[in-house]
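Peer 1: Following the hints, complete the assembly by docking chain B onto the known chain A.
Those protein sequences? They're chains A and B, same order as listed.
Residues in the first sequence are numbered from 601 upward in steps of one, following the working numbering.
Residues in the second sequence are numbered from 8 upward in steps of one, following the working numbering.
It is worth saying that the hints were derived from the structure and are not from the lab.
Think of the CB as a built atom: it goes at the ideal place given N, C-alpha and C, for glycine as much as any other residue.
Among the hints, erroneous ones may be present.
[Stated by the list, open to error] If you want a taste of the chain A side facing chain B, the calculated C-beta under 8 Å gives, among others: (1) Met632; (2) Glu656; (3) Ala743; (4) Leu744; (5) Ala748; (6) Phe753; (7) Arg757; (8) Asn817; (9) Asp974; (10) Val976.
[As the list claims (entries may be wrong)] One side of the interface only, derived from the structure: several residues of chain B facing chain A at Cβ under 7 Å: (11) Gln54; (12) Pro231; (13) Glu238; (14) Glu240; (15) Arg322.
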Amino acid sequence: MTAVTDRQKLAYANAQAADGRVNLEFETDEGMTLNMGPQHPATHGTLRIIVKLDGEQVISCEPVMGYMHRGYEKLTEVRTYPQVTTLINRIDWLGSFANEVPFILAAEKLMEIEAPPRAQWIRTILFEMSRIANISLFVGDMALHIGAMTAAFYAFRDREFVLNQIEGATGGRFHPNFDRIGGLKDDLPKGWLADTKAAMARIRDFCDEMETLVEGNEIFQARTRGIGVIPADIALQYGMSGANLRASGVDWDLRRDEPVGLAWNEVDWKVITHPDGDSFARFWVRLQEIREATSIIDQLCDGLPAGPIMAKVPRIIKVPEGEAWVATENPLGEMGYYVVSKGDLGPFRVKIRTASFNNVAVVPWVCRGVYVPDVVTILASLYFILGDIDR
Amino acid sequence: MSGMVLGLFENYWQVSILRSVGVLAAVLLPAGTFVYVFLFKMVSFMQSRLGPMEAGPFGSMQLLAEVGKFIQKEDIVPEQADRKLFKAAPYLVVGTVLLVYLAVPFGPDMWFANLEGGVFYILAVSSISSLGVLLAGWSSANKYALIGGLRAAGQLIAYELPMVLAVVGVVIQAGTMNLSGIVAAQANGEIFGFSGIGNPYFITQFVALGIFLIAVQAELGQTPFDMPIAESELVTGYITEYSGLRFLLFFIGEFASAGAFAAVAATLFMGGWAVPTAWADLDSNWFNLIGPLLMLTKMMLIGGLIFFVRFTFPRFREDQLQKLAWTVLIPIALVNILATTILKVAF
Numbered sequence: 601m602t603a604v605t606d607r608q609k610l611a612y613a614n615a616q617a618a619d620g621r622v623n624l625e626f627e628t629d630e631g632m633t634l635n636m637g638p639q640h641p642a643t644h645g646t647l648r649i650i651v652k653l654d655g656e657q658v659i660s661c662e663p664v665m666g667y668m669h670r671g672y673e674k675l676t677e678v679r680t681y682p683q684v685t686t687l688i689n690r691i692d693w694l695g696s697f698a699n700e701v702p703f704i705l706a707a708e709k710l711m712e713i714e715a716p717p718r719a720q721w722i723r724t725i726l727f728e729m730s731r732i733a734n735i736s737l738f739v740g741d742m743a744l745h746i747g748a749m750t751a752a753f754y755a756f757r758d759r760e761f762v763l764n765q766i767e768g769a770t771g772g773r774f775h776p777n778f779d780r781i782g783g784l785k786d787d788l789p790k791g792w793l794a795d796t797k798a799a800m801a802r803i804r805d806f807c808d809e810m811e812t813l814v815e816g817n818e819i820f821q822a823r824t825r826g827i828g829v830i831p832a833d834i835a836l837q838y839g840m841s842g843a844n845l846r847a848s849g850v851d852w853d854l855r856r857d858e859p860v861g862l863a864w865n866e867v868d869w870k871v872i873t874h875p876d877g878d879s880f881a882r883f884w885v886r887l888q889e890i891r892e893a894t895s896i897i898d899q900l901c902d903g904l905p906a907g908p909i910m911a912k913v914p915r916i917i918k919v920p921e922g923e924a925w926v927a928t929e930n931p932l933g934e935m936g937y938y939v940v941s942k943g944d945l946g947p948f949r950v951k952i953r954t955a956s957f958n959n960v961a962v963v964p965w966v967c968r969g970v971y972v973p974d975v976v977t978i979l980a981s982l983y984f985i986l987g988d989i990d991r
Numbered sequence: 008m009s010g011m012v013l014g015l016f017e018n019y020w021q022v023s024i025l026r027s028v029g030v031l032a033a034v035l036l037p038a039g040t041f042v043y044v045f046l047f048k049m050v051s052f053m054q055s056r057l058g059p060m061e062a063g064p065f066g067s068m069q070l071l072a073e074v075g076k077f078i079q080k081e082d083i084v085p086e087q088a089d090r091k092l093f094k095a096a097p098y099l100v101v102g103t104v105l106l107v108y109l110a111v112p113f114g115p116d117m118w119f120a121n122l123e124g125g126v127f128y129i130l131a132v133s134s135i136s137s138l139g140v141l142l143a144g145w146s147s148a149n150k151y152a153l154i155g156g157l158r159a160a161g162q163l164i165a166y167e168l169p170m171v172l173a174v175v176g177v178v179i180q181a182g183t184m185n186l187s188g189i190v191a192a193q194a195n196g197e198i199f200g201f202s203g204i205g206n207p208y209f210i211t212q213f214v215a216l217g218i219f220l221i222a223v224q225a226e227l228g229q230t231p232f233d234m235p236i237a238e239s240e241l242v243t244g245y246i247t248e249y250s251g252l253r254f255l256l257f258f259i260g261e262f263a264s265a266g267a268f269a270a271v272a273a274t275l276f277m278g279g280w281a282v283p284t285a286w287a288d289l290d291s292n293w294f295n296l297i298g299p300l301l302m303l304t305k306m307m308l309i310g311g312l313i314f315f316v317r318f319t320f321p322r323f324r325e326d327q328l329q330k331l332a333w334t335v336l337i338p339i340a341l342v343n344i345l346a347t348t349i350l351k352v353a354f
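Only chain A is shown next, with the shape it has when bound in the complex (with noise of 0.2 Å):
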């Protein structure tokens, strides 16, 4: 007990001293030290950025995570395969059914089985509703983070529409624990495919007011053109993925390019780039990838195959010894579980590669030299869940 107690108290003065070390490098030097975070209203979480000012003139700036590291990839290896997806709903908050879907496809990779197509096809609606779910926060956030609030609320407004439509068909909003290993929890219910059609047009009227009100905003444009610049070749030295990949002129989707069962390619869309790399690059890609999903999900509702929604699974769930590695664009970038099975109930080792980690190492790169507003600008238009960092 003592001996425990002994290591927590080393740990603890141990992170103690890199904190000290980190504030005393950049006490040092010239210049006067911010701290943005942990509590800070633009890092919406617990990042901490050490900002090193001349003026208001960022000289150097650090992120600081691990300020809410919940310890899921040793908490999975505690759980049973189904118990599984109740943990990692939480790492991307927003678009949490997509969370779910790369861990369910390794599972299944390693039992070898296949969903239904009706069940892949649902599972591609929801996953590209929860990219909706995400985005379109995303979209009033940056516009918040610029200064203009009533973009905010309508971007929340019409998110419901999107929250209605998962929770009409999973029972939840925020976390569906909706995927099962071999398919789906439950069908589609009555009239749901309807009303989705309708919710679609309404995010598409949404994206039309969002680049008119702020994306053609004159005060808009100038915080965000040209600020933030990430080339293609520093994009992919970071590692970044997704939307902020893309807006570097990146051609790379997930989706078209590691196709995994689900149903993106049985549909009819586009993958979209920008080749600026700014941060108004950013927020144009993601505005645009909302329309495509609306038209991604207009498809599939038309198209939804008949037949059963769960293959022939074992009624208690072993997976066979093996390794597995799943990833899939998700809607903060790619996410991908390498999952090691040593033919229990619960997986060995889960190792969760989340988008955002990456994307947020590039801000001491992007950040050198940009003024104060700009690295709020930089931040939300990278954008990052912090969840999706810490894990």
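Peer 2: For chain B alone, kept in the frame of chain A given last:
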């Protein structure tokens, strides 16, 4: 002008007390109205929500509830703060608003101080509030507050100039710096020989009005020029460390000075308390009653504009704000003065 108000009070002390009470009412009444109508209701409808609905009919008692809440809160002074300056700063900000209202006439006899150089006086005292903001930012011993205070100071220097230059056009056209004189000039004036609507300067001095409103927006620190507060960057800028009553004072100061600048804009550009002389006899005692109401209506119009912009636009960056002031607004204001002078001499 006589010291008689409404024909009821003649003694100097009666009139003085009335004016003292009046200036307090002039500060608090528009501030309260602005908070309720614009901050609680207009913005809520713009953002597709209802705003406060519980306290009183349509939430009209919400103001009292808010004030009660702030009074109950603990008044915290940070340990490292410069206590005296920290405590004095909010009073300086609110006091400035009182000083601005002092020179604004609300009727033929409804004035607090009838200054010959009224315009000059208003432009001078309105900058004192930025001193209070700078004090608050410096004495808080907080880096966010310091940056906010410095930004406010930079903003003041950049936007005082276009504001002064915009007002110069009005002063040239009216031929006086006395605000009552400017009101009279607008009521009696004529546009190219047509005197049916007087000469409210928002028609002939529309360029000056535009610049004045932009400068007011910056002077008040409202979005798109709210860098001193900038809640997504600097938490709340110079008021980060304030709580309780002192926070409330800053809050009142913000909205009361919005009211004060709306009153100044209404007086300079929209004819103030008066209507054109062609419509009514302005010397009538009734205008001591109607005047303040007319004034409040015009203030609400301008206040509505200020807050509509505030809740619509995103925020500029500090250097973009400076650039806008020095390279766009000041040259336009100078051209406007030149044009006004030429036209004044020609006609």
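Peer 1: Hint by hint, say whether it matches the structure.
Peer 2: These are the hints, each one checked on the structure:
About 7 Å separates the beta-carbon of methionine 632 (chain A) from the nearest beta-carbon of chain B, less than 8 Å, and the hint is met. Taken as an interface hint, glutamate 656 (chain A) checks out: its beta carbon lies about 6 Å from the nearest beta carbon of chain B, inside 8 Å. Given the 8 Å rule on beta carbons, the hint for alanine 743 (chain A) holds: about 7 Å separates it from the nearest Cβ of chain B. For the restraint placing leucine 744 (chain A) at the interface with chain B, the shortest Cβ-Cβ distance is roughly 7 Å, inside the 8 Å limit, so the hint holds.
Satisfaction of the interface hint for alanine 748 (chain A) is found here, the shortest Cβ-Cβ separation to chain B being roughly 4 Å, below the 8 Å cut-off. For phenylalanine 753 (chain A), the suggested interface contact is upheld, since its CB lies about 4 Å from the closest CB of chain B, less than 8 Å. Because the smallest distance between the Cβ of arginine 757 (chain A) and any Cβ of chain B comes to about 5 Å, under 8 Å, the interface hint for this residue holds. Hint on asparagine 817 (chain A) holds. Least Cβ distance to chain B is approximately 6 Å, under the 8 Å limit.
Annotation: interface hint on aspartate 974 (chain A) holds; nearest CB of chain B at approximately 7 Å, less than 8 Å. Taking 8 Å as the C-beta contact cut-off toward chain B, the hint placing valine 976 (chain A) at the interface holds, the least distance being around 5 Å. Taken as an interface hint, glutamine 54 (chain B) checks out: its beta carbon lies about 4 Å from the nearest beta carbon of chain A, inside 7 Å. Hint status for proline 231 (chain B) relative to chain A: holds, with the closest Cβ pair at about 6 Å, below 7 Å.
A hinted interface residue such as glutamate 238 (chain B) counts as satisfied when its beta carbon comes closer than 7 Å to some beta carbon of chain A; here the least separation is about 6 Å, so the hint holds. Below 7 Å, beta-carbon pairs count as interface contacts, and glutamate 240 (chain B) has one with chain A at about 5 Å; its hint therefore holds. Interface restraint check: arginine 322 (chain B) against chain A, minimum CB-CB distance 3 Å, threshold 7 Å, status holds.
Hint compliance for this structure: every hint is met.
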